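**Q** Below are the chains, spelled out letter by letter.
6 protein chains.
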Amino acid sequence: MENGIYQYGVGDAIDTYMYIKSSTKGIASNGKPFLSLVLSDKTGEIEAKLWDISEADERQYAAEKAVRILGEIQNYRGRNQLKIRNIRVTTEADAVNLADLIQTAPISQDEMMQTITQYIFEMTNPSIQRITRHLLKKHQAEFITYPAATKNHHEFLSGLAYHVVSMLDLAKAIAVLYPKLDKDLLYAGVILHDLGKVMELSGPASTVYTVEGNLLGHITIMVNEIGKAADELGISGEEIMILQHLVLSHHGKAEWGSPKPPMVREAEVLHYIDNLDAKINMMDRSLDKVKPGEFTERVFALENRSFYKPQFQK
Amino acid sequence: MENGIYQYGVGDAIDTYMYIKSSTKGIASNGKPFLSLVLSDKTGEIEAKLWDISEADERQYAAEKAVRILGEIQNYRGRNQLKIRNIRVTTEADAVNLADLIQTAPISQDEMMQTITQYIFEMTNPSIQRITRHLLKKHQAEFITYPAATKNHHEFLSGLAYHVVSMLDLAKAIAVLYPKLDKDLLYAGVILHDLGKVMELSGPASTVYTVEGNLLGHITIMVNEIGKAADELGISGEEIMILQHLVLSHHGKAEWGSPKPPMVREAEVLHYIDNLDAKINMMDRSLDKVKPGEFTERVFALENRSFYKPQFQK
Amino acid sequence: MENGIYQYGVGDAIDTYMYIKSSTKGIASNGKPFLSLVLSDKTGEIEAKLWDISEADERQYAAEKAVRILGEIQNYRGRNQLKIRNIRVTTEADAVNLADLIQTAPISQDEMMQTITQYIFEMTNPSIQRITRHLLKKHQAEFITYPAATKNHHEFLSGLAYHVVSMLDLAKAIAVLYPKLDKDLLYAGVILHDLGKVMELSGPASTVYTVEGNLLGHITIMVNEIGKAADELGISGEEIMILQHLVLSHHGKAEWGSPKPPMVREAEVLHYIDNLDAKINMMDRSLDKVKPGEFTERVFALENRSFYKPQFQK
Amino acid sequence: MENGIYQYGVGDAIDTYMYIKSSTKGIASNGKPFLSLVLSDKTGEIEAKLWDISEADERQYAAEKAVRILGEIQNYRGRNQLKIRNIRVTTEADAVNLADLIQTAPISQDEMMQTITQYIFEMTNPSIQRITRHLLKKHQAEFITYPAATKNHHEFLSGLAYHVVSMLDLAKAIAVLYPKLDKDLLYAGVILHDLGKVMELSGPASTVYTVEGNLLGHITIMVNEIGKAADELGISGEEIMILQHLVLSHHGKAEWGSPKPPMVREAEVLHYIDNLDAKINMMDRSLDKVKPGEFTERVFALENRSFYKPQFQK
Amino acid sequence: MENGIYQYGVGDAIDTYMYIKSSTKGIASNGKPFLSLVLSDKTGEIEAKLWDISEADERQYAAEKAVRILGEIQNYRGRNQLKIRNIRVTTEADAVNLADLIQTAPISQDEMMQTITQYIFEMTNPSIQRITRHLLKKHQAEFITYPAATKNHHEFLSGLAYHVVSMLDLAKAIAVLYPKLDKDLLYAGVILHDLGKVMELSGPASTVYTVEGNLLGHITIMVNEIGKAADELGISGEEIMILQHLVLSHHGKAEWGSPKPPMVREAEVLHYIDNLDAKINMMDRSLDKVKPGEFTERVFALENRSFYKPQFQK
Amino acid sequence: MENGIYQYGVGDAIDTYMYIKSSTKGIASNGKPFLSLVLSDKTGEIEAKLWDISEADERQYAAEKAVRILGEIQNYRGRNQLKIRNIRVTTEADAVNLADLIQTAPISQDEMMQTITQYIFEMTNPSIQRITRHLLKKHQAEFITYPAATKNHHEFLSGLAYHVVSMLDLAKAIAVLYPKLDKDLLYAGVILHDLGKVMELSGPASTVYTVEGNLLGHITIMVNEIGKAADELGISGEEIMILQHLVLSHHGKAEWGSPKPPMVREAEVLHYIDNLDAKINMMDRSLDKVKPGEFTERVFALENRSFYKPQFQK
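Chains as they are written, first to last, in UniProt numbering: chain F, 1 to 314; chain Z, 1 to 314; chain S, 1 to 314; chain C, 1 to 314; chain Y, 1 to 314; chain X, 1 to 314.
Chain F extracted, bound-state conformation (with noise of 0.2 Å):
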């Protein structure tokens, strides 16, 4: 498993320990029940059928389950999936340790929180620094766990923190290159921006939207954060609903999501930070699974287009 599961070609024998990401009872058009497994480990995904199941099996193969897997690799309709020969839950005796098994952020967590501590500590002014530490403070636990989204982009364990300091670093490499951008304000919206999805999103893993999620949103949620915090540090002045604005239009149009656009500088910016990051995230995992001279597949959240790698490329 050293180089992980993009490694593996069509026909490649497997055998391995991986983890139940998902699993998703069909029936099939002959009537009988079967789980479409999506598996992973540390380096990717992939997806598998288990055919004629039974009910025992159907809640052994649950999601966050791991398991001994024993297949190979087929080709459906241009992706790779997994053809399972023999399947089993492993046992103490296997001596797996899941966190192995699962897609995390490429940096340690206490990492990311002494950086994004860091910039916090960077901050001039005052308010601006006390709400961004208190709502930070506040939902860290779930906030260092989290992944930035249940699907297309950071949708791993620690995936919101991992974007919120790839955008950090973004963002000051961006400010030192336009001196009139204000870092505080363009920190804390980073920051911010989308720390509302610890109430919009379930839990780190089988990640789903729960009820406040579907009927406000977590921009919604995060703007009517950082007014309760405001109140209760006793912190008032404009900054407050500068910061409520740059959360409430990160996304740039009505039609995406912000009944506001951007109408303050920084808000632009972090809009801008916001979706480079998040498309190079994409970009780069589609990648890496192609080789040069490849298209990769369609890639829904990047407007449903493939990529290509050029050959002069590695």
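Derived by calculation from the structure, the hints in this document are not laboratory data.
Be careful, since some hints might not be right.
Remember, identical chains collapse to one label, so a pair may be satisfied in a single copy or spanning two.
Computed list of lysine-lysine pairs in DSS-like fashion (alpha-carbon distance at most 25 Å, straight line) [to be verified]:
{"#": "1", "residue 1": "Lys32", "residue 2": "Lys83"}
{"#": "2", "residue 1": "Lys253", "residue 2": "Lys183"}
{"#": "3", "residue 1": "Lys49", "residue 2": "Lys21"}
{"#": "4", "residue 1": "Lys183", "residue 2": "Lys314"}
Please read these numbers as outputs of a predicted model, since none were measured by experiment.
Add chains Z, S, C, Y and X to chain F, keeping to what the hints say.
**A** For chains Z, S, C, Y and X alone, coordinates are given in the frame of chain F:
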């Protein structure tokens, strides 16, 4: 003035008191300054130009002043305009009551508050009732005088409260016919849906958007207010989130400013009641100005349509 | 069957009579034919699959038959399905009345005709009254049994008439609140707006589009019918054109099939009443299937939204 | 006037007779009234302003009058304008024939009617032939003088008939190349498609929309007329519905006013022929005003494009 | 096979030779592999499934093979399918000529080249003539065999050349009726507009997009080729840019792949001719499969419309 | 003039030298001609009107002249305008250096060329390096003086080069953070992406579109140039096509003028860098004109948004 400004036809002489609703300076293409006035009496408004003005004129004929006008009605590009022959600001000697020159809701403020209070009284869910009563009370002074918008519909003194009262009556009539509707939720939704406008708009007259109104908007402002009200009243439970959802979704679609579409039955009905009342108000005001067999001017907020008054309607 | 098909939960055993609303042959991906059945009782409908069918089965389990079913409720992709263990066509010995298995309007046909007749009786404009009465009489036999659509809303026996009756009551309630509305026009518009569906659709059951329905559509068909009715009754005057406009514009926008948008006050209100009644009908039917604290399935005709039933609603 | 108004260049003196196509009163920003005139000769039209007018001027220089003009060509925002030095209404002494000053089709009315009659004569399906002949005869007087539109394309005397004649020739040429096309249907579709304009528009000159034109539109009007014609002639059969479909669908898309898109081969081809002829007409008229190596003005009805006349074309 | 595959009705037995146009492996929901075949004869194509295949089957029944088929016509979701009872690859003993099983243009390649050559010969502008001749010659080998597209229209052997020949005839017919059109430009535009497809597509059969086709597209490829041709032939002057513009703009709109809309008269006409010929081709092929009084299948490239064949057409 | 034109407030007297950036003749609605001037100094620009002009005035106060102005700042519809009291063209006696009155990039042309040259020097792929160097050299004279556009962003002397330099620095900063990005490709893409503007636009001042710019556009022009450069340099390989793709796709979407969307990682990033730099430039220039606590004018190219400068920013 018995019958009001819309009763005059082209060529009719005017000798009356009017209120300057707005006054905008322009520069004519001969380089000389002029004022574009919107003048109102209790029943409606009309445009007028004041040519070749001095700086004193500019100060004198500003918004929110009452004036005595001599002139006549002209037709300009299919719209009536008032050609001013003589204008002066009123003095005490004129014994003019400003309130008699301003367009306002056709029901008194007291009567409207009584009606709304009665609807709140009829609510049976204590959480919904308490939050609604609390927020109405908190913003009552502004609520009862503000227009519902700076233009388009109910853009007159107490227009917001009048819009709410009409919608409450409509909500009740609909709830009788569709008994599965939750009356408490519907009434609370009607009362709260536009209440954020008291912070989005600058005041009852010469109304413009506040900075908060521009950057957050009345929807986000009121969703926050509901959260704060619940905190202050110590109310928890799903009612808060559902009320927030009703306010959040009442524009119906992301493109129209609601980041979440209605996903609760009463939210969808609220959206319809809001639209229906606003549209009937706009059509009525527009059709009042034309005779049977004629088309109205185009109404921008009604997709720029003209409306026809059939000959067999009086 | 007292409580109907929606009262059963996943795992419940079923032993009941049902009506085959539709029966579609498919070919399973093992190459064998099967039938997708939509089965109904008086209260609702459910899907079921019949695997590995013979040609005799195909003929026997066709639409519009009554059957005796043994089976159980399964969950498939979040929707209930009926897993058939045993099925047979009913015989005389079963003493089953087909009408008891078919979804139909909750009011009797006689009662509905009486209500509509009363509304026509109340009209004061003789031209509008005579045209409306003439066209209703001409198409009454179909009107009283047809569904309002092949799917989406009011898609049951007498659904069209039921939709009209609900809209008439809604129109009356609204006209009371907005007295400038012309009741005659509004009632006539309600009665005529979808009457063309009796020529657009093939019949009360197993409903499909006719050629005329496909090439002209119910709006154009009824606009023509109004013209013919006026000729036959020797009626002239603007009422004819205005009634044609109400029918023509009742979808509200060109994109939705109305080549002219509403340009008469009552046409705009008709469009709202039509939408509101259809949407409440769809939401009610969808929410009836879920418990408090749950979301409904996505409803395609409601912009593919899910609806949430708050926990505090029963 | 030999060569017409487009032959004059900026700075050229004008001394000629012209026709007042339209006359619109404006109020200059110095408060004084003026007239915006559109003046035409047989070959084209030009704008002119008449400043500081009296009420007598307004009555005198109204639409549909012939005038003697002295003046010169000016350039205003890239368009030629006629600067009037002297203007007077013509008298008998001028011996000016109004018909010589009005833009009209380049073929005589008789010739056009003969051509159309010949195409009807060539039809072999008696139902299609009789309906087409009946409707053309019924509306012939208006048909032969009306413009095809109030602006955009073929907006001149007999423009409608000229558009139909061009389309018939185009239909014939296409039918020769694609022999599966049904010539009868195509010719009938061409002749009837815009015939409703004789009721949608007010007349051959100073053309505006009628009430019926606004509320129903020429498409719906003509679909009704076809139904009536069939009744009067006692014709039944699918031909009627198909002709109605051709007229109904000839704008191609719901957004463009056709509630049903073309669903018959000849309906699709009719839509293309209509567009192609209208667009070539607009491009030709626009390109006639510029020299090789120049761009035309933007043409609103051609998606606001400018067209370039290559240097190698004369 | 006299009459071809579309002459067979549901239930008819088939015993014939066919060509495998494409062969796609799937995995049935019982986990077993199968092949989806598109089989053609000279007149058309039909789908068929081959269940439970071995790896040898997969290799054997690949695209571009000829096969002998026994089976029967079935109806599946309203489309005819061929149910295979027996299939084998042809041997020399069958004496089957592959060319007799492949859909191809109804005119011979020689005849088409002669027609095109004649049109080039008729050109009078030497620059346009030389560039057109040069580019056609350069790519003639591919041009004469390629399809016009991978699907939708003219997707058969020599479809590209056939599309060009039809368009040239159409261009000539139109140019006769509108004499201001520049024939040279129009003919050159027709010949060059899709010539870039010989580099965009992979070949005459089993056609897919090349990398260059994906990243640049046939429009950009051909615009570059025109520039190179001018350099090689030492031609300068506006003709080159205008030809490039014709190719660049022939899709009509940015959304459809033309970064510049047609801004030269002949470019606009080229766009129409291209569309009209493609659409008539698609309608004809679709209507050939149905009887009078029936609707065709939905045609995706014609906005997903169905077309109706009137009963009075044969 | 130390501080530039934006430092003056309403009512301030002006006595300074300025450059006439553009001069457009209009006709006032009293029939008299006037000039609309855009005047600039090194820091920005302002509008002014010159009323009642003679033909001599028109010639004298044309674009690209330097003038001495006496006047004062006025407010007109929320924008500052310069009211001219006295104006004259400068003479040698004024000793005014034109270059001191023109807006230009804040870095010298030499410095910018040095920076760009350094980026080319750092490239490691020889094909990419040689093509980039060749094309830059070929068009260097125009490149270093042209604006990046006729309006919207970087619309000043050397704006194109300045935009490229900013983007290169941004590209470098991003490439450090996302090491999978191909620096060579990114730098080359930045340098070439808008280079076609030297042929699309007419020159460094009074800039308009050329015929080639209108009919082909800078994207198509540069894609052709890359092909020619490769031919001239004898370079083959995928680099050429990929560079062409980067230029072709840099507007991001078909609707925005890129017939192919970015399908290579660096193409997507190039599109973002381009947008981000242009938008920050536009926001900065707009926000420079307002004080903390104010909104800017609406900026058309930023979706017509206003931007707010928070009170806590200086």
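**Q** State for each hint whether it applies.
**A** Here is what the structure says about each hint:
no. : hint             : result
1   : Lys32 to Lys83   : both (18 Å within a copy, 11 Å between copies)
2   : Lys253 to Lys183 : within (23 Å within a copy, 31 Å between copies)
3   : Lys49 to Lys21   : within (13 Å within a copy, 30 Å between copies)
4   : Lys183 to Lys314 : between (36 Å within a copy, 13 Å between copies)
Consistency with the previously given hints is maintained throughout, with no hint failing.
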